[in-house]
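Residue numbers (the numbering used here), protein chains in the order written: chain A, 2 to 588; chain B, 18 to 201.
Keep in mind the hints are simulated off the structure, nothing from the lab. Mixed in with the good hints, there may be bad ones.
What the hints assert, rightly or not - Mimicking DSSO-like on lysine-lysine, the simulated pairs with C-alpha atoms at most 27 Å apart in a straight line are:
hint	chain 1	residue 1	chain 2	residue 2
1	A	Lys377	A	Lys511
2	A	Lys342	A	Lys352
3	B	Lys80	A	Lys176
4	A	Lys519	A	Lys390
5	A	Lys519	A	Lys377
6	A	Lys563	B	Lys94
7	A	Lys390	A	Lys365
8	A	Lys563	A	Lys390
9	A	Lys511	A	Lys551
10	A	Lys316	B	Lys130
11	A	Lys390	A	Lys69
12	A	Lys342	A	Lys316
13	A	Lys342	A	Lys207
14	A	Lys135	B	Lys80
15	B	Lys94	A	Lys175
Said to hold, decoys possible - Quick list of simulated restraints, FRET-style, between CB atoms:
hint	chain 1	residue 1	chain 2	residue 2	range
16	A	Ser108	B	Thr156	56 to 62 Å
17	B	Ser74	A	Tyr502	55 to 61 Å
18	B	Gly119	A	Asp393	56 to 62 Å
19	A	Asp540	B	Gly63	43 to 49 Å
20	A	Asp278	B	Ser169	31 to 37 Å
21	A	Lys342	B	Glu79	46 to 52 Å
22	B	Thr35	A	Asp393	48 to 54 Å
23	B	Gln173	A	Asp296	40 to 46 Å
24	B	Gln36	A	Ala515	55 to 61 Å
25	B	Gly63	A	Tyr498	30 to 36 Å
26	B	Ser62	A	Ser505	36 to 42 Å
27	B	Gly63	A	Ser505	35 to 41 Å
28	B	Pro51	A	Leu206	49 to 55 Å
Said to hold, decoys possible - Far from chain A, by Cβ distances over 12 Å, these chain B residues were calculated:
hint	residue
29	Lys134
30	Ser159
31	Glu163
32	Gln179
By construction, the Cβ of each residue, glycine as well, lies at the ideal position given by its N, Cα and C atoms.
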Amino acid sequence: MAEQMTGAEIVIQALKDNGVEHIFGYPGGAVLPIYDALFQTEGIEHILVRHEQGATHAAEGYARSTGKCGLVLVTSGPGATNAVTGLTDALLDSVPLVCITGQVPTSLIGSDAFQECDTVGITRNCTKHNYLVKDVNDLARVLHEAFYVATTGRPGPVVVDIPKDVQFALGNYKKSANGATQHASYRPQTEGDSAAIEAAVDLMLKAEKPVFYTGGGVVNSGPEACEHLRELAALTGFPVTSTLMGLGAFPANNNQWLGMLGMHGTYEANLAMHDCDLMINIGARFDDRITGRIDGFSPNSMKIHVDIDPSSINKNITVDIPIVGDCASVLEEMVRVWRTKTNTSREDALKPWWKQIEDWRSVKSLSFKNSDTVIKPQYAVQRLYEAVKDRDVYITTEVGQHQMWAAQHFHFNEPKRWMTSGGLGTMGYGLPAAVGVQVAHRDALVIDIAGEASVQMTMQEMSTAVQYGLPIKIFILNNEYMGMVRQWQELLHGGRYSQSYSESLPDFVKLAEAYGGKGIRCSDPKELDDAIAEMIDSDLPVIFDCVVDKVENCFPMIPSGKAHNEIILPDTADIGSIIDDKGKVLV
Amino acid sequence: MNAKFQPTGSAYFIVPDTQNPEQHILSVIVDNEPGILARIAGLFSGRGYNIDSLTVSETEHEKHLSRITIAVTATPKMHMQIRMQLDRLVPVHRVLDLTAEGNGLERELALVKVAGKGENRVETLRLAEAFRAQVVDATTDSFVFEITGKSSKIEQFITLMQPLGLVEVVRTGRTAISRGPEGM
Ligand SMILES: Cc1ncc(C[n+]2csc(CCOP(=O)(O)OP(=O)(O)O)c2C)c(N)n1
Ligand SMILES: [Mg+2]
Chain A
2 MAEQMTGAEI VIQALKDNGV EHIFGYPGGA VLPIYDALFQ TEGIEHILVR HEQGATHAAE
62 GYARSTGKCG LVLVTSGPGA TNAVTGLTDA LLDSVPLVCI TGQVPTSLIG SDAFQECDTV
122 GITRNCTKHN YLVKDVNDLA RVLHEAFYVA TTGRPGPVVV DIPKDVQFAL GNYKKSANGA
182 TQHASYRPQT EGDSAAIEAA VDLMLKAEKP VFYTGGGVVN SGPEACEHLR ELAALTGFPV
242 TSTLMGLGAF PANNNQWLGM LGMHGTYEAN LAMHDCDLMI NIGARFDDRI TGRIDGFSPN
302 SMKIHVDIDP SSINKNITVD IPIVGDCASV LEEMVRVWRT KTNTSREDAL KPWWKQIEDW
362 RSVKSLSFKN SDTVIKPQYA VQRLYEAVKD RDVYITTEVG QHQMWAAQHF HFNEPKRWMT
422 SGGLGTMGYG LPAAVGVQVA HRDALVIDIA GEASVQMTMQ EMSTAVQYGL PIKIFILNNE
482 YMGMVRQWQE LLHGGRYSQS YSESLPDFVK LAEAYGGKGI RCSDPKELDD AIAEMIDSDL
542 PVIFDCVVDK VENCFPMIPS GKAHNEIILP DTADIGSIID DKGKVLV
Chain B
18 MNAKFQPTGS AYFIVPDTQN PEQHILSVIV DNEPGILARI AGLFSGRGYN IDSLTVSETE
78 HEKHLSRITI AVTATPKMHM QIRMQLDRLV PVHRVLDLTA EGNGLERELA LVKVAGKGEN
138 RVETLRLAEA FRAQVVDATT DSFVFEITGK SSKIEQFITL MQPLGLVEVV RTGRTAISRG
198 PEGM
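Turn these sequences into a full structure, and let the hints guide you.
And the structure:
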């Protein structure tokens with residue numbers, strides 16, 4: 002039976018019926034009726050951010066650490082435009098969000114009314130889908146559909162723009178009878194084609210130099226996908242590497258793990274990708290940070306690609322066996338088919354390949370020259386990892402060198418523990434994302450591994466953390482530079498450091514205290530462990546100003562436009578042990 | 018450090034597409050909802066695909082379905098990608114590449130205004146007849162012709178009208194359907 006209520010009440014009811022427990026938002030004129038309905042509601046906690054971009058990233062952190070849909074509520078005009086960065090970020094990293102935006106009354110749309118903007122126009126290309134609801138009787142259906150679209154298939158952000166008069170109007174509320182799954186035109190394909198899966202397994206059974214190249218799709222697909230990946234890796238004995246987005250889907254402490262691949266990935270991961278005879282891409286999208294030079298990308302391999310989004314397949318790299326489907330079901334099927342075809346280990350056949358990989362590993366491409374006078378950023382991440390690895394810990398990052406060092410030197414054995422802005426590379430992501438993660442996991446240790454430049458982009462969310470008693474730890478690798486920019490300028494622009502110095506930095510300790518949090522500074526490697534312990538022990542949000550080497554570069558690095566085997570190694574790499582002469586020439 | 022010796026100028030490496038571009042006609046069935054055209058057009062402009070022509074109209078009123086015909090020039094690989102990207106849009110029901118299917122039948126309609134007197138006027142009418150163009154408006158010194166057919170035929174007609182006093186042309190753009198008993 003349909004129930005009569007106001008549009009605003011319909012919104013709240015639909016949120017409840019779709020399992021929403023937390024909203025990240027900011028009020029304003031065009032959403033006041035919804036805030037009013039929220040005021041009279043129990044069971045939904047609203048987190049008041051300090052900037053709408055913060056709300057979107059917080060919702061992303063919340064969604065990625067829980068697997069649930071994040072909910073953002075903002076006003077019209079500037080509220081909506083401020084949310085655009087986070088929506089785009091969520092689109093590129095496939096994060097399920099529903100973002101409700103207020104709009105001026107329907108009669109004023111198009112009149113340049115106060116705080117009017119064309120929200121659906123502006124967000125059309127940065128959302129998976131968006132809606133303007135002009136009739137209150139469409140509202141419930143649209144909201145249920147929004148959750149369905151956001152969370153199914155390849156997840157993504159959905160905007161629902163609701164004019165103020167629709168929020169006031171009386172209309173019918175209908176529960177979603179799970180009928181949304183009968184959508185007329187939107188029907189994501191989740192089951193992989195069984196003939197293709199069979200063909201893929203046949204290739205896997207013959208491969209001598211295989212590699213699993215896994216991505217964020219495995220994490221997005223859920224815990225079962227990660228389980229099946231582990232199972233398949235154990236069965237096959239194949240090495241596994243992953244993109245930045247996929248870290249944690251396969252345990253870093255497993256011997257088959259090669260580390261991350263891509264621009265700043267390990268030597269062994271990138272060379273395995275380059276030299277393999279069979280590449281099995283599970284839920285990754287051949288992004289340009291991964292492939293490097295397309296025409297030099299893994300020239301001699303057969304390629305299998307599993308992706309829930311058909312448009313990801315054959316977009317950048319042409320593959321031999323495309324499989325459209327959800328990672329969990331395809332992996333499960335691969336395991337089953339493998340078992341029906343063999344019960345003997347392929348250990349012997351893979352021996353030469355593993356020997357080769359061990360040689361690459363022995364290069365120690367993540368090594369660096371430590372110092373006892375200045376904190377090396379890699380060392381800082383390593384010490385942080387050692388200090389917290391046995392805890393219930395979640396890591397977010399900003400964007401830059403620190404992000405890559407975090408990916409390289411912090412190790413993840415479980416999915417959904419690592420939240421970073423991969424596709425869009427949004428500086429300012431990490432702090433609000435940490436807020437969102439901590440909202441979902443109150444007792445966990447949530448750390449934003451940050452850069453001093455990025456963190457200033459959304460620093461105001463420190464105030465949100467203090468307000469809600471969210472003891473996030475902001476661990477700033479402070480190199481006084483936009484380090485990643487500086488590194489590129491050093492390597493590619495003749496050392497002309499145009500605008501990349503972090504001038505006039507605030508005193509981060511005082512800043513933390515000004516917000517009501519705790520500030521810690523450390524610049525001596527010998528004091529680092531104690532300082533980290535102090536940070537972990539604090540019940541407050543902490544800003545940790547970790548003063549690190551200003552000019553450390555992040556290696557390995559595949560310069561843009563180069564192939565995987567043109568990787569630049571750190572000075573410390575043990576290239577003497579690379580037996581392959583070809584490799585020697587290249588480093 | 019060896020890094021200095023491996024400079025590269027760009028953050029991205031663009032591999033030139035070596036395939037030759039060709040024109041395809043796509044038929045797209047969509048929900049006829051506000052903004053749908055902007056959604057399709059925005060996809061094309063946002064991803065850098067070239068639309069040569071686009072026609073749209075509601076074709077199934079009870080279901081509020083529209084059919085969009087898009088002529089687009091791209092390499093074969095891009096055509097595949099364009100189809101996938103269109104298919105990904107939530108209100109898109111079906112995408113069919115009529116050119117790839119090889120059984121497309123296409124037509125375009127144009128209204129062509131020609132002004133002139135005397136000999137030119139006679140010649141204009143004679144050519145119009147040869148092209149099966151209908152006179153839909155006439156004054157003592159002008160005609161408006163309606164002509165339908167393949168775009169190349171319309172193109173040709175317009176070229177012939179040029180020296181005879183062509184004033185202006187409007188064209189619907191190409192619309193297409195598959196041959197045979199099957200629908201989309
Ligand atoms: C919003 C935004 N603007 C600009 C950039 C380009 N950018 C990438 S990394 C970087 C420097 C980041 O500096 P910092 O946060 O100090 O990190 P570091 O590299 O020093 O570790 C910049 C400016 C970006 N990624 N995002
Ligand atoms: Mg920095």
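Inset, instruction - Please work out if lysine 316 of chain A and lysine 130 of chain B have their alpha carbons no farther apart than 27 Å. - result: Violated, at about 45 Å.
Inset, instruction - Measure nothing beyond the straight line between the CA atoms of lysine 377 of chain A and lysine 511 of chain A; if it is 27 Å or shorter, mark the hint as holding. - result: holds (24 Å)
Legend entry - Cβ separation check - glutamate 163 of chain B to all of chain A, threshold 12 Å: Since the minimum Cβ distance to chain A is about 35 Å, glutamate 163 of chain B lies beyond 12 Å and the statement holds.
Legend entry - Range agreement (Cβ of alanine 515 of chain A with Cβ of glutamine 36 of chain B, hint 55 to 61 Å): For glutamine 36 of chain B and alanine 515 of chain A the Cβ distance comes to about 59 Å; the hint holds.
Inset, instruction - Quickly compare the C-alpha distance for lysine 390 of chain A and lysine 69 of chain A to 27 Å and report which way the hint goes. - result: Holds, at about 25 Å.
Legend entry - 46 to 52 Å as the expected CB spacing between glutamate 79 of chain B and lysine 342 of chain A, which holds or is violated: Holds, at about 51 Å.
Inset, instruction - Take the C-beta atom of glutamine 173 of chain B and the C-beta atom of aspartate 296 of chain A, compute their distance, and say whether it sits inside 40 to 46 Å. - result: holds (42 Å)
Legend entry - Least C-beta distance between lysine 134 of chain B and chain A, which was stated to exceed 12 Å: holds (48 Å)
Inset, instruction - Verify that the Cβ of glutamine 179 of chain B lies farther than 12 Å from every Cβ atom of chain A, and report whether the claim holds or is violated. - result: Fine: 40 Å to the nearest Cβ keeps glutamine 179 of chain B off the interface.
Inset, instruction - Look at the Cβ atoms of glycine 119 of chain B and aspartate 393 of chain A and judge whether their distance stays inside 56 to 62 Å. - result: At 59 Å between Cβs, range holds.
Inset, instruction - Please confirm whether serine 159 of chain B is truly not at the interface, meaning its C-beta sits more than 12 Å away from all C-beta atoms of chain A. - result: holds (39 Å)
Inset, instruction - Verify the proposed pairing of lysine 519 of chain A with lysine 390 of chain A, using a straight-line Cα cut of 27 Å. - result: holds (22 Å)
This entry does not satisfy hints 8, 10, 12, 15, 16, 20, going by the numbered hints stated previously.
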